[in-house]
Each structure stands twice: as C-alpha cells, then as structure tokens.
Amino acid sequence: AQKITQTQPGMFVQEKEAVTLDCTYDTSDQSYGLFWYKQPSSGEMIFLIYQGSYDEQNATEGRYSLNFQKARKSANLVISASQLGDSAMYFCAYYRGDMRFGAGTRLTVKP
Amino acid sequence: DGGITQSPKYLFRKEGQNVTLSCEQNLNHDAMYWYRQDPGQGLRLIYYSQIVNDFQKGDIAEGYSVSREKKESFPLTVTSAQKNPTAFYLCASSIGPVRGGYTFGSGTRLTVV
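Note that the protein sequences, when read in sequence, are chains A and B. Take 1 as the starting number for the first sequence in my numbering and just add one per residue. Take 1 as the starting number for the second sequence in my numbering and just add one per residue.
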C-alpha cells in the first residue's frame, strides 16, 4: 500500500495568518488523486480539496490551496487567513482504487 | 437530503461478543468503505465494496466481516476475534470518479467494556 507521510503532528498558527500543512507520498503510479480532509472534534470528515496527478495547475478552493510538486511527491495544504474554526485535525489522503490516509496534523489557531 | 447514516453513534460491547455497525447511504453510490480510527491517528481501511455482492479486504480486515446485499447498505461486524476493537469507525461511499472525494458518515464510537 502507498505510504502517506504527514510529518507535523501538531501546528500552531495565529488567527488571520497563513499556514502550510505538509504531506508527502510514496508511489510508482502515474495516475492518482490526492485529497485533504478536515476532521473537527465532532469526528466527521469534511472534504477540502482535490488534486489529480495529471492536473497541471494547483487546486484551489476558497481559502484552501494545494501546493502540488509531483516530482517531489508532495501535496502540501495551504490555508490562508486562518480562522478560529480552522482548528481541527487535517488528513492528507492518496487515492488509486481506494483511499489511504496519513496520520494527520492537529492545527490550532490562536486568537 | 442525501447522505450516509451510521448507527449507533456510541456502542458498548462486552468482551467476547460480536457487534454489528450499521451504514446506510441514499446517494446511489456504488462503492462503500469502512475505516477504523484510533485516538490521534489516521484512518485505516478495513473493508471496501465496489459493487453489490462483492467486497475486498483492506489493510486491517482480521477480526471483521462485512456484507453487501443491497447497494444502500454495508454493515460491519466486529467479531470476538478482533482483539482490540475499541475505536472510532467511519463509513464512506463514493460514486466512482472521485474528484469530489468520499462522503463520510458521522461515525460510530465502539467501546469494549
């Protein structure tokens, strides 16, 4: 199974600042998808953003953008203008047939 | 509204007992998935089903069983063979092409007492 690595167990960011959450993956596949999910303390998984391996442009969804560097096998999530409600666990996931998740990063936004 | 319903939200089981977690979706999705999440960790794939009457083992299938008799339903049974079943269980579904990602249920928290 593909290995997805999130090296930051916890991150802190000041409200209104930007933050980057790291994600790297190990694969020999050429076609795959990369996802980011947010998990608040209530437990539900909220889809944030998707990047296809053949997409030439980095994905953006509102305040979320994905910094995709295919050669480096990295798919970092950038959250701009952090809000208190962004405090949650964030998971990177790799998809090819089924979805595999990283261990997650706990983001805390400070007022 | 379409979505995935997992029940119950909290479940307690005595050691040695089997227990079944329910997952129902009305999204007309072909594929369904079960994940396990332990505290402070990511999701690990237990079983998945791409079509009715067919399912495949994920990374941690031992001690679990599933069925897919209807498109809408994908129940997970945690058997007594699962040595450490206390965890948060998430069910998900997808239509196939996954640009929109999986749709997840709200989860079932299982505790062995």
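Think of the hints as simulated: they come from the structure by calculation, not from any bench. The reader is advised that the hints may include incorrect statements.
[To be verified] Facing chain B, according to a computed beta carbon distance under 7 Å, are these residues of chain A, among others:
#1 Gly43
#2 Phe47
#3 Leu84
[To be verified] Restricting the straight-line Cα-Cα distance to at most 30 Å, the calculated cross-link-like pairs of lysine-lysine (DSSO-like) are:
#4 A:Lys3 with A:Lys70
#5 A:Lys110 with A:Lys16
#6 A:Lys73 with B:Lys57
#7 B:Lys57 with B:Lys71
#8 A:Lys73 with A:Lys16
#9 A:Lys3 with B:Lys83
#10 A:Lys3 with B:Lys14
#11 B:Lys9 with B:Lys83
#12 B:Lys9 with B:Lys71
[Said to hold, decoys possible] The following residues of chain A were derived to be distant from chain B, with all beta-carbon distances above 10 Å:
#13 Ser53
#14 Gln57
#15 Gly62
Treat the numbers as computed from the prediction; the structure is a model and nothing was measured. We put the CB at the ideal spot given by N, CA and C, even for glycine.
Each hint tested on the structure:
{"no.": "1", "hint": "Gly43", "in the structure": "5 Å, holds"}
{"no.": "2", "hint": "Phe47", "in the structure": "4 Å, holds"}
{"no.": "3", "hint": "Leu84", "in the structure": "22 Å, violated"}
{"no.": "4", "hint": "A:Lys3 with A:Lys70", "in the structure": "15 Å, holds"}
{"no.": "5", "hint": "A:Lys110 with A:Lys16", "in the structure": "9 Å, holds"}
{"no.": "6", "hint": "A:Lys73 with B:Lys57", "in the structure": "27 Å, holds"}
{"no.": "7", "hint": "B:Lys57 with B:Lys71", "in the structure": "18 Å, holds"}
{"no.": "8", "hint": "A:Lys73 with A:Lys16", "in the structure": "29 Å, holds"}
{"no.": "9", "hint": "A:Lys3 with B:Lys83", "in the structure": "25 Å, holds"}
{"no.": "10", "hint": "A:Lys3 with B:Lys14", "in the structure": "34 Å, violated"}
{"no.": "11", "hint": "B:Lys9 with B:Lys83", "in the structure": "21 Å, holds"}
{"no.": "12", "hint": "B:Lys9 with B:Lys71", "in the structure": "22 Å, holds"}
{"no.": "13", "hint": "Ser53", "in the structure": "12 Å, holds"}
{"no.": "14", "hint": "Gln57", "in the structure": "14 Å, holds"}
{"no.": "15", "hint": "Gly62", "in the structure": "15 Å, holds"}
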